[in-house]
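Chemist: Here's the letter readout for the chains.
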Amino acid sequence: MAIKKFAVAAYDDEEVLFPAVKKVRGSGYKIHDVYTPFAVHGLDEAMGLKGTDLHIAGFIYGLCGTSTAVGFISWIYTSDWPINYGGKPHFALPAWIPITFELTVLFAAVGMTLTMCYLNQIMPGVKKHVFHPRQSDDMFVMAIELNSHMSEKEVTAFLKTTGAKEVNVQMAEEGWWYGRWDKKEPYEALNAG
Amino acid sequence: MHLKYESFVREPLVDNNKDYHQVSEDIVSPIERKPGRMWYVGFIFSVILLGFGIFSVTWSVYWGLGTWGVNRTIGWGWDITNFVWWIGIGHAGTLISAILLLFRQGWRTGVNRAAEAMTIFAVMCAGQFPIWHMGRVWDGFWVLPLPNSRGPLWPNFDSPLLWDVFAISTYFTVSLLFWYSGLVPDFALIRDRAKTKFRKMAYGIASFGWTGTAKNWQRMEALALVLAGLSTPLVLSVHTIVSFDFATSVIPGWHTTIFPPYFVAGAVFSGFAMVNTLLVITRKILHLEEYITIGHLEAMNKIIVLTGSIVGVAYLTELFIAWYSQSWGEMDAFKWRIMGPYWWSYWAMMTCNVVSPQLFWVKKLRRNIPFTFVMSIVVNIGMWFERFVIIVTSTYRDWIPGSWAYYSPEWPEVGFYLGTFGLFFTCYFLFAKYCPVVAVAEIKFVLKTSGENYKKKMERIDAMSTEDFVETVHTHHEPHHEEAAHH
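Chains B and E, in that order, are what the protein sequence lines are. Quick note on the working numbering: the first sequence kicks off at 1 and runs consecutively. Quick note on the working numbering: the second sequence kicks off at 1 and runs consecutively.
It is worth saying that the hints were derived from the structure and are not from the lab. Yeah, the Cβ is synthetic: ideal placement off N, Cα and C, and Gly gets one too. It is possible that some hints are incorrect.
Derived lysine to aspartate or glutamate pairs resembling EDC-like cross-links, with alpha carbons at most 16 Å apart [unchecked claim]:
#1 LYS195(E) x GLU25(E)
#2 LYS200(E) x ASP182(B)
#3 LYS4(B) x GLU145(B)
#4 LYS215(E) x ASP33(B)
#5 LYS200(E) x GLU185(B)
Not close to chain E: a few residues of chain B, all C-beta gaps over 10 Å, as computed [stated by the list, open to error]:
#6 ILE3
#7 PHE6
#8 ARG25
#9 SER67
#10 GLY71
#11 GLY87
#12 GLU154
#13 PRO186
#14 TYR187
#15 GLU188
#16 ASN191
Only chain E is shown next, with the shape it has when bound in the complex:
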């Protein structure tokens, strides 16, 4: 008897009648086919965007950052806005794979692979912004604590900007290890199925020679569990440290203790929105609706409404504290955010992040795919404006009224931002073509507890009284799943 039991209140994680082989077939066969026209169109468009980004960055480096719209008053502008935006998006993957693993949320198995991939690509995009913002990028290695001929002068270990270097590089490395270690057994599956010589060779290398012995699985599971345990505080630390970039300074609007939890909630909020954006399309194109079900999308929408509300409370708390502090600098900063020349960015943020996600309290809307898709984009527009509000509308009117300024971006900044979309989607398209976008081995692991056909078989047992159930277990030494269902 299969004693792993899951309540009928929970909807199946895998729809329809699937067995192990069918799972492999459904998820791996898109990799073995030639990609469709949609894939080529999307991929080429992404590469063009990436090319434009490279051109913009080259232009910025060649002529210097004078080509950007940033000035002495607003030094961070679009660049750091985009950095924080991307790094925030990069929080969902590890949250799904680590925190939801520790909380034993079975539904993570359907979405974790794609979400982790998204995380890695988003962090790659985020990393570009501080690097190219340095201007003299050839001196970029100065942020690393390397022995040098400048004293030896070391970086400032007490500075949040340096903490960021460590946080983001660690986050990227650990996410990559977590993601790839999960991919190894799935690559072995593709290798063993491969009909062509090249695929057999390439996936043979990518699978590290994995054969799936009991001991190998045991160690792999131990690794996954510890990596999950390590990644959980890690994912919280990364955006906390990003928020320190602002919170440890004395700029009105930045100098606040609420920033770490507020940033983490915002990061999860935007990250889940990006996961939804990608998965709504991925499941459709690769025909994975039975694995990435509406239930999965709904679960993520629930997290979006939760974190959106946390972010909303944080915005209101900021306003309250500005008033409560009776510090004129704080009060003016928030007054100008709401009513100053950048009022539109504040209200765009409020509408997209606080007001519109509240619609997800309605179950019908949570389970509506077009609505989910539109909302996922609205949320990310809102989160972009949040970072813009924090960065630009805290600095444009500083302590010296004589240096007050207005900022709008120049084309290389916009091109750079578009270029990171190119980088992100180029990577994502390659991932969707060459890697299983759903973790095959993990789906097989939950199939017998959460697959629709297997749950149906348990209906009989569910109807049994406890005494009868105990009876069936004890009268059969090694009763079989199907047998038990007949009693």
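Just chain B, same shape as in the assembly:
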């Protein structure tokens, strides 16, 4: 949790954004993040991000659901309270398939969704810095963290050559915090001028 200085470039087309990302990375700048209004396929690779292992987590959650269902039902029907239904076997696996399937899906879906929220740091009440008010509308926004070794002028001048429609410098909280979206944060006053 820290307020830092960022150079921000906003593009109006993902087809300009891709070469810009390439150029920025090629020039040795480290991209803090790119914000897009929709999922731009291939952007993660262009930025050099690794793939996500979320689906593996989903598989494990699913297995937990399967074993919970089979374990729980078989424990009840063979040891805790066996009941004779018309002479059917106590360990009636085929009859448990529907519930086992449903619990597998339920565990995988709920587990994965919660994991996604945790990793993406999203939750009701969470607030994050928005670099551009139209980054959820039609602007593709790239932020580069400025440290003391970097020249603000040099970076902004460079970003302008990448086809950005708007370039500016902002103070921003880099992480997330609990807050109300209708309230201005104290640090935002730094960007007013």
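With chain B held as given, fit chain E onto it using these hints.
Modeler: Just chain E, lined up with the frame of chain B:
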């Protein structure tokens, strides 16, 4: 160059000249405006219906289920008919969002949001019927496998009725997650556009603080894909399990292996009809004709004629098997369905489900909006009768002729049914007012491949020979979309 290419045979998914901002503007601005008079009239009418439903249910619980027309012979009546009807309707949303996602059907983007919402509300309505049918509803938690002081006695895990509890609660949960995870980025859009303090705060909470970083999108897409993969067998399992409620018993007319696919096809059939009913009105009132195009409605009508035909084949197969089995119980059950005291319900079902949807083979009718609307209602009337036929006309003449009976509903059953319409439309009106009824981020995703103006730009490339095309790609390292079109 934009290399995502879509054939010109496919009609655009988004009509007219749209850019990203215009898409946001068109879909979000109805949320930012005060609703029109139509909305208030519809909403208040729905709330009144809901109130009447609550009154009917309260009456049923207070005086007991003796207030209903059900009897010892026909124990399920309207209640379970309505349950199966609503749960069937609740199949279209997840089918559209999951199965059509896996099949890469681009047109789903225009309709998936509203269809998923409809699914969730329909499942909420469906869930009411088994709950209040319990009579002693305060013991309803007995269906859950909770530690208890009754032995501990557990529910019967070998019973299809319990499978249903798991299937429907899982289906509801997963559909809700799928729907809401898609809504999060769109709520962020409304939040960032918001001019009023309250809207900014409310959508700030609803959007979970979404900002749309590349990594966030990557995980969101991974989640959507896996949820689609999970929901595909799930949606098929739910109505399969509902059909087990009937198929695993030994009642003539119920004891048949054809039920699972026949029920699933019927569910998709009625679900798409309900989507059409809602979208024909929604697109008109919210002026979304460019996003929910006639092409979308036609695609759904095609599915209706397909699934209607599957259902028709299933009806004929049932008749054939009844004869082929040479079991007098089966044969009589079907004879009485066709010619017994409930003949009208059988023929209503046959007409609405099998005969009338065949008109959709005519392209002109598939693309005719008033006809689509009328047909969508006809289909759902037919599907209601199908469940009525299955439930009532299989049980009213059972194995003991002395207990044969006739059934007609009492007012609390009718009021309960009307009340679920109230619940459904109250929820739908609130959804249409406060949520984007078309998935904004997903429309933007397909805009450049399927938007009308973008498709037009590709006409040049379409006319090029393969050699020329390869040439253009190779001579420009990072050629721009418009540039390529000039060559």
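Chemist: Decide, hint by hint, whether the structure agrees.
Modeler: Structure-based check of each hint:
no.: 1; hint: LYS195(E) x GLU25(E); result: holds (14 Å)
no.: 2; hint: LYS200(E) x ASP182(B); result: holds (5 Å)
no.: 3; hint: LYS4(B) x GLU145(B); result: holds (7 Å)
no.: 4; hint: LYS215(E) x ASP33(B); result: holds (9 Å)
no.: 5; hint: LYS200(E) x GLU185(B); result: holds (14 Å)
no.: 6; hint: ILE3; result: holds (16 Å)
no.: 7; hint: PHE6; result: holds (13 Å)
no.: 8; hint: ARG25; result: holds (13 Å)
no.: 9; hint: SER67; result: holds (15 Å)
no.: 10; hint: GLY71; result: holds (12 Å)
no.: 11; hint: GLY87; result: holds (12 Å)
no.: 12; hint: GLU154; result: holds (24 Å)
no.: 13; hint: PRO186; result: holds (18 Å)
no.: 14; hint: TYR187; result: holds (16 Å)
no.: 15; hint: GLU188; result: holds (14 Å)
no.: 16; hint: ASN191; result: holds (16 Å)
In summary, this structure violates none of the numbered hints.
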